[in-house]
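Listed below, chain by chain, are the residues.
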Amino acid sequence: MGTAKISQEDVRYVAKLARLNLSAEDMEKFTLQLNSILSYMDKLNELDTSNVEPMSHVIDVYNVFRDDVVGESFAREVALENAPDREQGFFKVPRIIGDEEGSV
Amino acid sequence: MELYQLTIHELKQKLVRREISSLEVTEAVIDRIRRTEDRIHAYVTLTAEEALAQAKRADKARSRGTIVSDLAGIPLAIKDILCTRGVRTTCGSGILAHYVPPYDATVIRKLRERGAVLLGKTNMDEFAMGSSTENSWFGPTRNPWAVDHVPGGSSGGSAAAVAADGCLGALGSDTGGSIRQPAAFCGIVGLKPTYGRVSRYGLVAFASSLDQVGPLAKDVEDCAILMTAISGFDPQDSTSVDVEVPDFRGALVGGVEGMRIGIPKEYFLGGLDGDVEKAVQKSMRLFEQWGAVCREISLPHTDYALAAYYIICTAEASSNLARYDGVRYGHRSEDYSGILDMYRKTRTEGFGPEVKRRIMLGTYALSAGYYDAYYRKAAQVRTLVKHDFDKAFEDVDIILTPISPTPAFRLGEKTADPLQMYLSDVFTIPINMAGLPGMSIPCGFDRQGLPIGLQLVGKPFDEATIIRAAQAFEQKTEFHRRRPDLDSAAG
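Residue numbers (numbering that gives the first Met the number 0), protein chains in the order written: chain R, 0 to 103; chain Z, 0 to 490.
Pulled out of the complex, with its shape left as it was, chain R reads as follows:
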């Protein structure tokens, strides 16, 4: 990784991936702050890790299955109680197909 860490263009692109709108002011501030944080992270490159296994969890994580028996579940109304919008027992969202930016 060279010295140029992350440009305003990169920040704009990452914001798009993260589904966030950033104002011009935010964009400038985040570019500065992310550059400072990413420069700090450069110190990791002092370490030779070519023969080190990456560890994503400290314990062995494996898929856990439960027995295939009928259990209790939330009533539909309870599950929908926090929904910002709903109709006839469904979560209601704006049209997805044919959105102005194409498919999601």
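Everything labelled a hint here was simulated from the structure, so no lab data went into it. Any given hint might turn out to be false.
Calculated pairs, BS3-like style, for lysine-lysine (alpha carbon to alpha carbon, straight line, at most 30 Å) [what the hints assert, rightly or not]:
1. R:Lys4 / R:Lys42
2. Z:Lys413 / R:Lys4
3. R:Lys28 / Z:Lys55
The calculated label-pair distances, taken between Cβ atoms and stated as ranges, are [unchecked claim]:
4. Z:Ser297 / R:Glu76: 57 to 63 Å
5. R:Phe73 / Z:Gly269: 50 to 56 Å
6. Z:Glu49 / R:Pro93: 35 to 41 Å
7. R:Glu76 / Z:Arg38: 40 to 46 Å
8. Z:Ser487 / R:Glu76: 50 to 56 Å
9. R:Ser6 / Z:Asp484: 15 to 21 Å
Interface residues of chain R toward chain Z, partial, derived using beta-carbon atoms under 10 Å [to be verified]:
10. Ile5
11. Val13
12. Leu21
13. Ala23
14. Val68
15. Ala82
Using N, Cα and C, we set each Cβ at its ideal position, and we do this for glycine too.
Chain Z: place on chain R using the hints.
This is chain Z only, laid out in the frame that chain R set:
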């Protein structure tokens, strides 16, 4: 002595002897909260009516003789990151400001089954991202020892509530120090259990490979009681580990005679406040006087843990927080055109600046072309950090370090520079990276009278040994007895 000043074990004795009712104590604590909240702001939601009803139920059960639990009728506070059925759970965020969970977190169910009285939900940095509780959507919490100082974070509300006698004990969560650092800043006891010891079911996720629920308490015995109540395997959490849970009160005896204590030299290399260093060195000498054997050890990758942590936790957070899209629960923007616009406006309005910053950082670290350079590299460094501890624990039983480079700092002191804020967790983060149990106990005061915390780190699933050392320290020192003065005019 006021009723709200009681510890859990003291109150339990009084309840058993019928010297007092849970209702009387719960009323006294709620009154205490009402008289201190304008200065401290420890709570986001106070559930006084429900608490009084729970206290009455506990008293009734006790008079029928059906109560055996240590926690029956004991008023506790809950960090607002744990789902509570029917009680708003905000996670300190605008995006969950009106979210009412239809279920209890496993740890909450365990407390309810034991008859605990739940006073309310405590303030926190939004999604547990912060070290000062200044990142809360609902405004900051203040340190009961000096209200122009932060209580630490992210479990700052829980720590401040315990220190201000606004509850008898509390639950928090710790991803990189979020129980231990506020416990240290507020002069109380806090314990982050081994990863997998306590169920994460119903804990709103920040960084799933690091998050762990744990207790904040007025003393070590209370901490042991709460630990015993919340620990254990849970089929609802695939990362919960099926190992035996001891009654941690059994660890309160035995002392430190012959205990081998490691002092990692990398934790004393500079940047450490003089008063903090003195207090920790003095604690080490006390342990030696009591028969422990202290020796210098090396954790050579300490200096790299923080950088690796902020890659891993932000990467996990960016993925975990993708669920906040305004569809099933939480905030939805009122004004949008189309689904993508709805997602973006909802998230932009609902998240605060630190959460956005971390989502951005994590999204970047996981994005095409950068994954190997950042996330994979950080995960490799995590292996090295873990190996450091594995090796050290071949020769020692516990490790002793400072909790934070400084005591509590002033509100606003570090908000402009995120990296400076991140550095206040430099001594607690490696413990999460390695999944170890870590505890903070009061070990002194600085020249301004602010509390200083001592960190005790144990082997995986060996909380008992650090609790034993902590209890030995507490029984021979007075630091935990000193309380902040919130009653005099100067308070």
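Outcome of the hint check:
1. With a CA separation close to 13 Å, the supplied pair lysine 4 of chain R and lysine 42 of chain R stays within the 30 Å bound.
2. For the suggested pair lysine 413 of chain Z and lysine 4 of chain R, the alpha carbons sit about 23 Å apart, so the restraint of at most 30 Å is met.
3. Between the alpha carbons of lysine 28 of chain R and lysine 55 of chain Z the distance comes to roughly 53 Å, so the proposed pair goes past 30 Å and is violated.
4. A C-beta distance of roughly 59 Å is found between serine 297 of chain Z and glutamate 76 of chain R, which places it inside the suggested range of 57 to 63 Å.
5. A C-beta distance of roughly 54 Å is found between phenylalanine 73 of chain R and glycine 269 of chain Z, which places it inside the suggested range of 50 to 56 Å.
6. A beta carbon spacing of about 38 Å between glutamate 49 of chain Z and proline 93 of chain R agrees with the range 35 to 41 Å that was offered as a hint.
7. The hinted range of 40 to 46 Å is satisfied by glutamate 76 of chain R and arginine 38 of chain Z, whose Cβ atoms lie roughly 42 Å apart.
8. In this structure, serine 487 of chain Z and glutamate 76 of chain R meet the distance hint of 50 to 56 Å, their C-beta atoms being roughly 52 Å apart.
9. Between serine 6 of chain R and aspartate 484 of chain Z the beta carbon distance is about 52 Å. The supplied range of 15 to 21 Å is therefore violated.
10. For the restraint placing isoleucine 5 of chain R at the interface with chain Z, the shortest Cβ-Cβ distance is roughly 7 Å, inside the 10 Å limit, so the hint holds.
11. For valine 13 of chain R, the suggested interface contact is upheld, since its CB lies about 5 Å from the closest CB of chain Z, less than 10 Å.
12. Hint status for leucine 21 of chain R relative to chain Z: holds, with the closest Cβ pair at about 8 Å, below 10 Å.
13. Violation of the interface hint for alanine 23 of chain R is found here, the shortest Cβ-Cβ separation to chain Z being roughly 14 Å, above the 10 Å cut-off.
14. The beta carbon of valine 68 of chain R comes no nearer than 12 Å to any beta carbon in chain Z, farther than 10 Å, and the hint placing it at the interface is violated.
15. A distance limit of 10 Å between C-beta atoms decides the matter here; for alanine 82 of chain R the minimum to chain Z is near 6 Å, and the interface restraint holds.
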